[in-house]
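Based on the hints, put chain B in the right spot on chain A.
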Amino acid sequence: MPNRSQAGLVAYVNARLLDPASGLDAKGALLINGESIADVGPGLFQGGVPDGIAVVDCLGLCLAPGLVDMRVQLREPGEEHKETLKSAGEAAVAGGITSMVCLPNTDPVIDEVATVEFVARRARKNGLAKVYPYAAATKGLEGKELSEMGFLAEAGALAFTDGTRAIANAQVMRRALSYAATFGALIVQHPEEPSLASGVMNGGELATRLGLTGIPEQAEVIMLERDIRLVEMTGGRYHAAHVSTAAGLEIIAKAKARGLPVTCDTAPPYFALNELEVKDYRTFAKLSPPLRTETNRLAVVQALEDGTIDAIASDHAPQDADSKRQTFALAEFGGAGLETLLPVTLELVHNEHLSLLQALRLVTSGPAGVLGLKAGRLKVGAAADLVLFDPSRAWVVDPTQFRGKSKNSPFDGRPVQGMVVRTVVDGRTVYDRNA
Amino acid sequence: MTEPRYPHRHLLGIQGLGPLEITAILDLADGYVAQNRSDDKRKNLLHGCTVVNLFFENSTRTRTSFELAGKRLGADVINMQTSASSVAKGETLIDTAMTLNAMHLDVLVVRHPDSGAVKLLSTKVNCAVINGGDGSHEHPTQALLDALTIRRRKGRIEGLTVAICGDVLHSRVARSNIYLLNAMGARVRLIGPRTLMPTDIARMGVEVFHDMRKGLEDVDVVMMLRIQNERMSGNFIPSIREYFHFFGLDREKLTRAKPDAVIMHPGPMNRGVEIDSDVADDVERSLIREQVEMGVAVRMACLDLLTRNLANTGAV
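Note that the protein sequences, when read in sequence, are chains A and B.
Residue numbers for the first sequence follow numbering that gives the first Met the number 0, beginning at 0 and rising by one.
Residue numbers for the second sequence follow numbering that gives the first Met the number 0, beginning at 0 and rising by one.
Please keep in mind that the hints were generated in silico from the structure rather than gathered at the bench.
Check each hint, because a few of them may be wrong.
Listed below are several chain A residues computed to face chain B (Cβ distance under 10 Å; list not exhaustive) [said to hold, decoys possible]: (1) Leu205; (2) Thr212; (3) Tyr280; (4) Thr282; (5) Arg324.
The beta-carbon is built from N, C-alpha and C at its ideal position, and this holds for glycine as well.
The following block holds chain A by itself, in its conformation from the complex:
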């Protein structure tokens, strides 16, 4: 199976083509010319592939746009022992992700043009998944002074966020939304009122029994309520990350119904797991926001079905073993997510909540649309960023097999269905399971 012919033409034949943006779900073929898609469709190469074009037989598997992961924590620069741009890139392509958007909570923080360019340059050199940085909304993520959003946007910052910290001060948030809107830029919020979020797991009966301090659902709800008012006031574009509560989703649904420029995402743990994972003080289940009750999980699934949620992001938060081998109170928050994004998202299909196209939209054209990113489509002229996967192939999540550096998966040991077979970035095969 040659990867490329001399002419740079590669035909992917005998595929189930899936393009959520256009609604295409049909058997067909796709032609890559160099770095971009030259042709795609059900009728392509029906008479056979002409000589001089390399052929990849997809064996009837699904060929879709590469995944766009809009929330990834990269630890480079600063915490390379947890993850590097290279290890994250390898993990991403093994998970079928061809574009990832990274949070600015590195060390140093991505709040200057030089850091934006550093990350972009380093990632390009690796030639794995493409990396687009968010830049800090406030200098040093301190929630006080606005960052140079204009310069940062010009340098390639995709949107502005304080990462895992909420922009807590209402006046600062008001100005961030307002100032970002000057440049048409988006503010991405970690919606959690910090003064209510000093706990370590979801507040409720289980936290009470375990003797752990709780983070009430209201921490998320209150911040979303406030932010929506500020969006209304400023006209700024607002995206709420990893929404985890029924009441929070209701607020977003209402804001959308009123025509406000509001979008949101969630992450696999919030529709696939609930707070019971914390039982026995399992630190891999210590996430931010915390895993919620089953009622909230079902509400997240419902919001994925009805379109309130625009995207699913991995919320990849790699932590080294020592950061998790702690008592629950001391352990770091976060879970590794790049390599489980697709299979856990496909659970929504296997459980008949979403069609395959709907599920894929949430990890391709959905997030690309929110961020205005030219990615996540099977379209003539678009970059040839593709994932070939078997939607029903079963496997068990084993973090020791992860390509990423950190193994802190909340899905450790989970049986899943859906396996990435090949990932293509700019026409190049960057991951081949059978290689």
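Below, chain B without anything else, positioned relative to chain A:
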């Protein structure tokens, strides 16, 4: 005497223990009360066994009680007081486990400021582990000694109404007692200001009162909890004097309880904060001194049972 049933390697909490297991421990402890009162206090049951008291929190009472219990049974008891305030305390915890394994202990008694820390340690060491109190989670030997104290005074636990008063939010003693009293068929009431009640605590099978006089109505046992000084700074309650006025146990509030109601406190007491000296020192009503005595007996019973299990599994 038939072999008491306690088919567990560790004692990490009361949650999960059934009434038969609890009764087995209490029955065994009853025997040790008699022995401790006799001239011949020492037994060589645990001769050659090593018990380590590993305390990451300051404690005099519990540590001394365990130490005495171990020594009365003839074990070699070593106290390790470790500061939990060092930066990498979690790492220390697992490193400590490795160190302890190399020392071939038989029983490890652990107190730690973080909930779940004792459970974590129990998965890393190859000896029996007794939870001497972990964060706000559990303090099982305290609940057992409270139960023994009640049973000896009242003759039973089933059917009694017990009020637990004070800082339930931060209290491991309250949680262990709730599990134990519910398992043994007592009715549990909690009394305290709303800021010191954990979320959804009623789901643990208790009745919650915010008016102490109403809460004490016709109760058989009043258990006071210690309130930590750092909670007094206006975060949870505005002042000591206001707290004492509404939630401190004094003679007047006590009149609401049954005439023969008894008073308990896990110690150390804050006199004039959660309890008035007048009632704390009332020899007719206060069982606080007995609690200390029962503590040693209960801990002897726990050491006895867990080391029997070690023998059964061939771990000794």
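Results for each hint:
1. Leu205: Result: holds, 9 Å to nearest chain B Cβ.
2. Thr212: holds (8 Å)
3. Tyr280: Holds - the Cβ of Tyr280(A) comes within 10 Å of chain B, reaching about 3 Å at its closest.
4. Thr282: Check passed: Cβ of Thr282(A) comes within 9 Å of chain B, closer than 10 Å.
5. Arg324: Result: holds, 6 Å to nearest chain B Cβ.
The structure fails none of the hints (numbered hints given earlier).
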